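Enquirer: Combine both chains into one complex, guided by the hints.
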Amino acid sequence: MGASLSRFQESFSQAMISGHEPEDPSVANLVAQPAFAVYRNTVMKGCVDALQANFPAVARLVGDEWFRAAAAEFAAGELPREPSLLAYGDAFPAFLAGFPPASELPYLADVARLDRLWTEAHAAADAPAIGREAFSCRDPGELETAVLQPHPAARWAWFGQAPIFSIWRRNREEGADEGELAWQGEGALLTRPGDAVQWTAIDGPACRFLDACSRSLALDDALAAALEADPEANVVRLVNALLDAGAFCRLGHPRPDSRRTSP
Amino acid sequence: MTSTLTAGLGLKPQHFAQARECPAAGLWFEVHPENYLVEGGPRLRWLEAVRERHPVSLHGVALSLAADAPPDAVHLGRLRRLAERIEPALVSEHLAWSTWRGSYHPDLLPFPRTGEALARVCANIQAAQDALGRPIAVENPSHYLSIEGHDWSEIAFLSEVARRTGCGLLLDVNNVFVSAANLGFGAEEYIDAFPGDRVREIHLAGHSRDPLLGEALLVDSHDAPVAGPVWALYERLVGRIGPRPTLVERDGNLPAFGELLAERDRAHAVLAAPIARAA
Chain U
1 MGASLSRFQE SFSQAMISGH EPEDPSVANL VAQPAFAVYR NTVMKGCVDA LQANFPAVAR
61 LVGDEWFRAA AAEFAAGELP REPSLLAYGD AFPAFLAGFP PASELPYLAD VARLDRLWTE
121 AHAAADAPAI GREAFSCRDP GELETAVLQP HPAARWAWFG QAPIFSIWRR NREEGADEGE
181 LAWQGEGALL TRPGDAVQWT AIDGPACRFL DACSRSLALD DALAAALEAD PEANVVRLVN
241 ALLDAGAFCR LGHPRPDSRR TSP
Chain S
1 MTSTLTAGLG LKPQHFAQAR ECPAAGLWFE VHPENYLVEG GPRLRWLEAV RERHPVSLHG
61 VALSLAADAP PDAVHLGRLR RLAERIEPAL VSEHLAWSTW RGSYHPDLLP FPRTGEALAR
121 VCANIQAAQD ALGRPIAVEN PSHYLSIEGH DWSEIAFLSE VARRTGCGLL LDVNNVFVSA
181 ANLGFGAEEY IDAFPGDRVR EIHLAGHSRD PLLGEALLVD SHDAPVAGPV WALYERLVGR
241 IGPRPTLVER DGNLPAFGEL LAERDRAHAV LAAPIARAA
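These protein sequence lines are chains U and S, in that order. Numbering of the first sequence is given in the working numbering, commencing with residue 1 and proceeding in unit increments. Numbering of the second sequence is given in the working numbering, commencing with residue 1 and proceeding in unit increments.
In case anyone wonders, no lab produced these hints; they're calculated from the structure. Hints may contain errors.
Each pair of labels, with its calculated beta carbon distance range [said to hold, decoys possible]: (1) S:Gly102 to U:Ala72: 16 to 26 Å; (2) U:Glu144 to S:Arg85: 33 to 43 Å; (3) U:Ala125 to S:Gly242: 39 to 49 Å; (4) U:Pro34 to S:His150: 15 to 25 Å; (5) U:Gly63 to S:Leu213: 22 to 32 Å; (6) U:Pro106 to S:Asp151: 56 to 66 Å; (7) U:Ala28 to S:Arg209: 50 to 60 Å; (8) U:Leu251 to S:Pro255: 42 to 52 Å; (9) U:Gln198 to S:Asp151: 50 to 60 Å; (10) S:Ala232 to U:Asp64: 37 to 47 Å; (11) U:Asn234 to S:Glu21: 40 to 50 Å; (12) S:Ala216 to U:Ala72: 49 to 59 Å; (13) U:Gly175 to S:Pro229: 45 to 55 Å.
In silico EDC-like cross-links for lysine to aspartate or glutamate, where the CA-CA straight-line distance does not exceed 20 Å [as the list claims (entries may be wrong)]: (14) S:Lys12 to S:Asp265; (15) S:Lys12 to S:Glu48; (16) S:Lys12 to S:Asp223; (17) U:Lys45 to S:Glu52; (18) S:Lys12 to U:Asp64; (19) U:Lys45 to S:Glu189; (20) S:Lys12 to S:Asp72; (21) S:Lys12 to U:Asp49; (22) U:Lys45 to S:Asp251; (23) U:Lys45 to S:Asp265; (24) U:Lys45 to U:Glu23.
Only a predicted model underlies this, so the values are computations on that prediction, with no experimental measurement involved. Every residue, glycine too, gets a C-beta built ideally from N, C-alpha and C.
Isolated chain S (complex conformation) (with noise of 0.2 Å):
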C-alpha cells in the first residue's frame, strides 16, 4: 500500500472537505491520532469520509517512547482501535518523551541518549509495535538545547533501535535544518549518513525564528512554508535513497487549501524526478 503513496499533506479540520474531493495522484493525509481518539461522534466520521478516498497516516505525538516507563496501556489500547477503524498506511511516532508520572507535557521532550535510554526505547517501541500488530516508524525531533551526557549520536541511536526492533524511521528534513542551526552541526552530512533503507516516511515543514534570540534559535514552528534550503535537503536525500512517502506539515498560520497542495505538488515532482531519470 505504501508504495501508491507520494506526497501528502497534514488534514486539518478546516480542510476536510476539500482534502476528500481532492484528486491529486498519490495524494494522502496525516492526522495526530490523540485528535481522534473519541468515543464517537463528527471527528471519527469526517475521518473516515476522508480515510474512504484517501489514504491516511496516524502520526503520534503522545507515546512518550523515550520516558523511563511504559507507554500507557489505556493510551495505547484507543490508539489500536483507531488503528483497526481507520486502517492508516504508516503509524509513526518520535524520539521523545511527553508523559511522565501520569502528566502529559504537549510538547516533544529531549532526553541524553545513553545505553539506558536505548534499552528503554527499545523496549516502549516493541510494546508499542506488540500492542498495534505491526511496526512503527520513528522520527528524528527537532534540538534547542545542547544536552551533555550523549553516549550515542542520534543516526547511531536510531539505527541500533530500528536493528534491535524491527521499527521503520521517519526522517523529518526540516528537524534535521532546525536542529543543525540550533546545535551546530552540518545538515548535509546528517542527511548523507542517514541509513536510506531505513526511511519509511519523510517530512517536510516550515520553522520560524525565536522571537528574541534570532537566527541563533530556529523554531520548528510548522506556520510557514517550507524554507528553500529545507527543500535542497529533500532533493539531496530522494536524489540518495529515492523516493519515499513525504508530508508536508502545516499547523499554524493556515494557508488555503489550494496553497498547501502547491507545496505537496512541488515534492510529489521530486519524488518524480527520479523515477524519471531511471526511465
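Pulled out of the complex, with its shape left as it was, chain U reads as follows (with noise of 0.2 Å):
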C-alpha cells in the first residue's frame, strides 16, 4: 500500500492528541485551520464523556470539573484501545492512584475500582446462578473436591485499609446512608442476579473463598484459604451468603479441558 494514506494518518492522529507540529506538511496546514478544533475537542470529549459514564462514583465525589481535568488528562496519555467505550478506562484507577492532584484523596483509585468491577459485571456473559439447593444430596466426599464457579458476572475485592466500599456505594445510591464511616478495611461482591448489578459488603474470609475459587481450587481448599484467613470463620454462613448473592454458576468436578492452572 502506498505511504501517504499512513503518513497522513500517523500525522493527523499525533497532533489531535499531542499537539505536535505536524510532520506531513498537508496535516500542518490543517491543523492551521480553526476548524481543526472540532476534531480535536470530538476526540476529547468522546473520551472524556466515556470516563465520566464509567466511573460515576468518582466523578460524584470529585465534581464535574475536577472529574473531567483529570480525566482529559488520562485521555491525552490514553486513548481507547477499542471501540466500545464501556471497556475504556481500565488504567484509570491506576492513573489516579499516581496523579498528583489526587493524593490528599487516597481512597479515589480505589473508588474507582469498583466502578470498575460495575461495569465489567454489567457486561459479563449471562449463565443461570445456583442457590443452596446445589449442595443437596450431595455426597460429602464428592463435594470435598468440587470446585465452586464464580458466576461470569460476579466481582469481588477486599480493601483492607480504607471503608473503600461504604464511600462507593454512598455515592452510587440514591438517598445512601449519611452517617459516620467506620474506618476499617472493607470487602464487597457485585452480582448481577436478574439484569441489574447488585452489591453487597463481604468480609476478608469471603473474598478469599472467592479467591479460590476462581483460581479452580477444591472446595475443601478454598474453605481452607478462608479459615486461614479468620479461623473463626462461620464457613457454612459464608457459603449460603455467596450462594444467596448468586455469585456462583456450577459446582461441580471441572472437566478435564477446562481446568485452569493455578498460579
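Expert: As C-alpha cells, then:
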C-alpha cells in the first residue's frame, strides 16, 4: 500500500492528541484551520464523556470540573484501545493512584476500581446462578473435591485500609446512609442476579474463598483459604450468603479441558 | 424487509420502554453497535426486546474503513456476532477513519480522497462485507476542513466504491448541509448529483453553530431538531429518488420520546407523499 495515507493518518492523529507540530505538510495546513479544533474537541469529549459514564462514583465524589480535567489528562496519554467505550478506562484507577492532585484523596483509586468492577459485571456473559439447593443430595466426599465456579458477572475485591465499599455505595445510591464512616477495611461483592448489578459487603474470608474458587481450587481448599483469613469464620454461613447473592454458576468437578492451572 | 421501513429513530436507552411499545406504522430503530458489543447482560436484553417488535439497523461508527489498515478482526468478529443475534434490517458505516495503530479516536476523521485511499477503502468494505456476509451502506460524513490533495469528489468516490464493492450508500442530508456551509459548495447540487439508485438509507439530524466561529462553522452536533433547510433538501431528495428508509438521529439535549416521534412522523409523511402522488 502506498505510504501517503498512512503518513497522513499518523500525522493527523498525533496533531490531535499531543498537539505536536505535524510532520506531514498537508496536515500542518489542516491544523492551522480553526475547524481542526472540532476534531480535537470531539475526540477529547468522546473520551471524557466515556470515562465520566464509566466512573460515576468518582465523578460524584470529586465533582464535574475536577473529574473532567483529570479524565482529559488521562485521555491525552491513553486513547481507547477498542471502539466499545464501555471498556475504556481499565488503567484509570492506576492513573488516579499516581495523579498528584488526587493525593489528598487516597481512597479515590479504589473507588474507581469498584466503578470498573461494576462495568465488568454489567457487561459480562449471561449464565444461570446456582443456589443453596446445589449442595443438597451431594455425597460429602464428592463435595470436598468439587469446585464452585464464580458466575461470569460476579466481581469482588477486598480493601484492607479503608471503607472503600461504603464510600463507593454512598456515591452510587440515591438516599444512601450519610452517617459517620467506620474507618476500617471492607470487601465488596457485585453480582447480577436478575438483570441489574447488585452489591453487598463481604468480609475478608469471603473474598479469600472467592479468590480460591476463581483459581479452580477444590471446595475443601477454598474453605481452608477462608479459615486461614479468619479461623473463627462461619464457613456455612459464608458459602450460603455468597450463593444467595448469585456469586456462583456451577458446582461440580472441573472438566479436564476446562481446568485452569492455578498460579 | 427494508421495503417495509419508512421513517425510524435512533434508539436511546432512556426511551427503551416507549420505543418498544410504540405502534407507529413502518417505525424502526437504529443503534450504534459499539454500545452493544458486550458478552451479555441487560443491554443486549433491552435491544432484543425492542427488536422483537421493530426492525433494527446497526449503524457503526468505528470500523475505520478509511484507515490505511484492515478492519480490526476482533471488532469485526464481535460485530458479526451481534448481527447474527439482532438480524438487523440494515448495516451501515462511514466514509471515515477512527482507529489508527490500535488507538480509537471517537470521531469520524477525514482523509484525502486519492486513488490510494479508494483502493484501501474498497478493500476494507469488502473485508467487512465478507465478515458480515451481507452488503453494508456507507455514509457521507460531515466536513469541517478544506483538505488539499483530493483526486476525487466525494460523490464520485462514493459511486466508485459502491460500483467496485457492491455496497449501498447512506446519504446523510444534514451532513451535506453542514459540509456545504463549511466548505462552500452548493447543498442542492450535491443532493441532485448523488446516485439515487445506490441509496439504501437517508439520515436527518440537527446541527449547531460553533461556539467560537458562529455561522462560519456548523457542527454536526445531533443535539437539536432537524433544521428547516435540511427538511427542504430532504423533500427535494425524496421527490427525485423516491422513498427510502429514513432515520432521525438525536444524541444530545434529548427531548421526550413523543417529541422525537413527531419529527419522525414528519419524515414518514414526506416518504408517503410520492406514493400518494403516484397513486
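Enquirer: Are the hints correct? Go through all of them and say.
Expert: Against the structure, the hints come out as follows:
1. S:Gly102 to U:Ala72: 16 to 26 Å: holds, 21 Å
2. U:Glu144 to S:Arg85: 33 to 43 Å: holds, 40 Å
3. U:Ala125 to S:Gly242: 39 to 49 Å: Given about 44 Å between the Cβ atoms, the range holds.
4. U:Pro34 to S:His150: 15 to 25 Å: holds, 20 Å
5. U:Gly63 to S:Leu213: 22 to 32 Å: With Cβ atoms ~30 Å apart, the hint holds.
6. U:Pro106 to S:Asp151: 56 to 66 Å: Check passed, 57 Å falls within 56 to 66 Å.
7. U:Ala28 to S:Arg209: 50 to 60 Å: violated, 27 Å
8. U:Leu251 to S:Pro255: 42 to 52 Å: Because 50 Å falls inside the window, the suggested range holds.
9. U:Gln198 to S:Asp151: 50 to 60 Å: At 57 Å between Cβs, range holds.
10. S:Ala232 to U:Asp64: 37 to 47 Å: The hint (37 to 47 Å, Cβ to Cβ) holds, given that alanine 232 of chain S and aspartate 64 of chain U are roughly 39 Å apart.
11. U:Asn234 to S:Glu21: 40 to 50 Å: holds, 48 Å
12. S:Ala216 to U:Ala72: 49 to 59 Å: For alanine 216 of chain S and alanine 72 of chain U the Cβ distance comes to about 26 Å; the hint is violated.
13. U:Gly175 to S:Pro229: 45 to 55 Å: Hint holds: Cβ distance 48 Å, inside 45 to 55 Å.
14. S:Lys12 to S:Asp265: Cα-Cα ~17 Å, so holds.
15. S:Lys12 to S:Glu48: OK: lysine 12 of chain S and glutamate 48 of chain S at ~14 Å, within 20 Å.
16. S:Lys12 to S:Asp223: This hinted pair holds, its Cα atoms lying about 13 Å apart.
17. U:Lys45 to S:Glu52: violated, 34 Å
18. S:Lys12 to U:Asp64: Outside the cut-off at roughly 23 Å; violated.
19. U:Lys45 to S:Glu189: Distance of about 33 Å is beyond 20 Å: violated.
20. S:Lys12 to S:Asp72: It is violated: about 26 Å lies between the C-alpha atoms, which goes past 20 Å.
21. S:Lys12 to U:Asp49: holds, 16 Å
22. U:Lys45 to S:Asp251: Answer holds: lysine 45 of chain U to aspartate 251 of chain S is near 14 Å, not above 20 Å.
23. U:Lys45 to S:Asp265: violated, 32 Å
24. U:Lys45 to U:Glu23: violated, 25 Å
Going through the hint list in order, the structure does not satisfy hints 7, 12, 17, 18, 19, 20, 23 and 24.
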